[in-house]
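Chemist: Chain by chain, the residues run as shown.
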Amino acid sequence: MLGFELGKIDPSARIGRNVEIGQSVTIGCDCVIYDNVRIGDNTVIGPHCILGEPTMAFYRDASYDNAPLSIGPNSLLRAGTVLYAGSVFGEGFQTGGRVSIREGTKFGRHCRVGTLGDIQGLCEVGDYCSFHSNVHIGQLSSIGNFVWIFPYVVLTNDPNPPVGPMVGVRIDDFAAVATMSVILPGVHIGSDALVGAHALVRKDVPAEAVVVGNPARQIGTIHDIKGRPDGQAVYPWREHFDRGMPWEGIGYQAWNERRRAGLA
Amino acid sequence: MLGFELGKIDPSARIGRNVEIGQSVTIGCDCVIYDNVRIGDNTVIGPHCILGEPTMAFYRDASYDNAPLSIGPNSLLRAGTVLYAGSVFGEGFQTGGRVSIREGTKFGRHCRVGTLGDIQGLCEVGDYCSFHSNVHIGQLSSIGNFVWIFPYVVLTNDPNPPVGPMVGVRIDDFAAVATMSVILPGVHIGSDALVGAHALVRKDVPAEAVVVGNPARQIGTIHDIKGRPDGQAVYPWREHFDRGMPWEGIGYQAWNERRRAGLA
Amino acid sequence: MLGFELGKIDPSARIGRNVEIGQSVTIGCDCVIYDNVRIGDNTVIGPHCILGEPTMAFYRDASYDNAPLSIGPNSLLRAGTVLYAGSVFGEGFQTGGRVSIREGTKFGRHCRVGTLGDIQGLCEVGDYCSFHSNVHIGQLSSIGNFVWIFPYVVLTNDPNPPVGPMVGVRIDDFAAVATMSVILPGVHIGSDALVGAHALVRKDVPAEAVVVGNPARQIGTIHDIKGRPDGQAVYPWREHFDRGMPWEGIGYQAWNERRRAGLA
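Protein chains in written order, with this note's numbering: chain A, -13 to 250; chain B, -13 to 250; chain C, -13 to 250.
Don't take each hint at face value.
Copies of one chain are not kept apart here, so a pair can be met inside one copy or by any two copies together.
As the list claims (entries may be wrong) - In silico DSBU-like cross-links for lysine-lysine, where the CA-CA straight-line distance does not exceed 35 Å:
no., residue 1, residue 2
1, LYS92, LYS(-6)
2, LYS189, LYS92
3, LYS189, LYS212
4, LYS189, LYS(-6)
Read the hints as simulated data drawn from the structure, not as lab findings.
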């Protein structure tokens, strides 16, 4: 297909110095790949992407050298994605269009960041996390594995804006934060917890808790939730959902037993 | 004017196979037009746009063929708009900069989507709808005619995130949803209703109702609203506003009578 | 560094008529500079930017001439910034990636607009204002000096959407509006005031007031706030923060005394 031949580097792409490109990599038209970028095998970079965007120091320091950017194999970056220098992305990383991810960030394996996502840098994210469109992940956020963050959620980091000092949000494995919620600085969201839509979370959320409202208060645990439309249990979600997860097709329990046995 | 000569196709644009381009179409620089796109007469495509962006199946299926994308005549797409394959846009469609609209979507005639709008696909939108900047329209949304959606509104679709099953929001003719409101999955907003700013709408909203707050509750009907600054009636808005509407210059009532008589 | 050599104009950039480019200006690849743009000395324009984007009149009026756009010296526009024709930016202006700023806007000196910021035009902004990512500044907003606006804040302007008439928000010097807050049309936020996260501000906010909630109510003044983590005073912020401010290194009080004496 025009402008996007799989496995080819479009001749209009600009490729900097010391760029390592794996086997069968696709780079779309009008991309800019700055110095010291490494792209794993079979990765697809859509048109108009910028990889290794220089940090502010570039404009101030004549001896600036671009920090390395590493993108794992089998990744897919949609058109217009901008990744700054100095971050690391594990295999199977996926972005929607026009995602921005700043420096000093580490994503694990098989993570997804939806359209317009704005990851502010200096963050750590585990494996198999799914961020829907237009999330804002403030600096110093620390996010576990299998975490879901829905559109327009903001993780903040300044308890006394703009004075600081900054303190990040921490979110544990399997938690889900629904659309348009704001998590205040330093809040810890426990594993499997669920934050309802449009909440303002000012206090720590215990594991498996469900919190809603502005300000958010706990209304129960995930075991109290009757799924719509039929009233069946739907949480913990990992026992009822497997698309794109490592337990796809076998179920979480079977996968977890295999994992504990060292087989997965 | 440089880089944007009306009625011309910039030589830097990449044009795929089986692309139908109408009379007097403008295509700006660095655009990518993938296979099977149809562009109606007198339409203007700004620089850096991508039309017919392939769906995920492209990366997985060697026999993939891009679904057709059709853009009606007299449309205007601002710079950086991305429209996926497999959608249909009626005449007079307008986008602000960097709009994204995914596959399987149908917009009627004379709709507008403002800067950074994120239409997630599998949606249906009627005629003369106006979406301001940065709206997020979840999959399976169904929107009538003459609907207004203001900045940062999110229409959701998953009652048990991330488990599903997805159920879309439905909004009837002439309704307006003010900025930063979230509409929960499956909610039905009746015709001429008004959702106030920063509301969380969990229940259906009757026709002509006004709802506000988090969670939203009904505080009256649109007939109770005294317009600012002078206390005059301003709703239903169609009787007090006509810019860009088919009743511009003649008023809603006269137009509606003509329409009923089969004249408009 | 590839594609972005400081002090050079990339040959792929399109430069219109009557464009004035100062000394040591950098223009990145694939930029479009329309007619009647003026760029001050030492300014850096990243790749894929569009300067002087024509207003809607361009498409309707054959005699259209692009209104001048002026960008002050020592500015830095990140990749994908779009500035419409007919605005003025003072020296040291900075944008994050993919900022959009429409026509008829005036920014003073040393202002910053973060990633994805959407400034709707017909606004006035003073000096040393900092807008974080993804703010939405509605038309007719009037913002003083040293104002902080955090992510996903929306300044509205239509008291009777979509009927109007529009009336802008006014924010005085040193005020700060925290993330995801909505300010309703015509509201005046006094100097040094603090609007908490996720607030809906319907009424004027007095100088030095702290307001929180949906709807917002006053919970005290900035002098009541004990900073985290140590309980020390942190407001007014100008006495506790100086990065990027004209009092950097000397403190606000000393700078202000010098300023009053005509020395700063």
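Chemist: Which of the stated hints cannot be reconciled with the structure, identified by number in ascending sequence?
Modeler: 4
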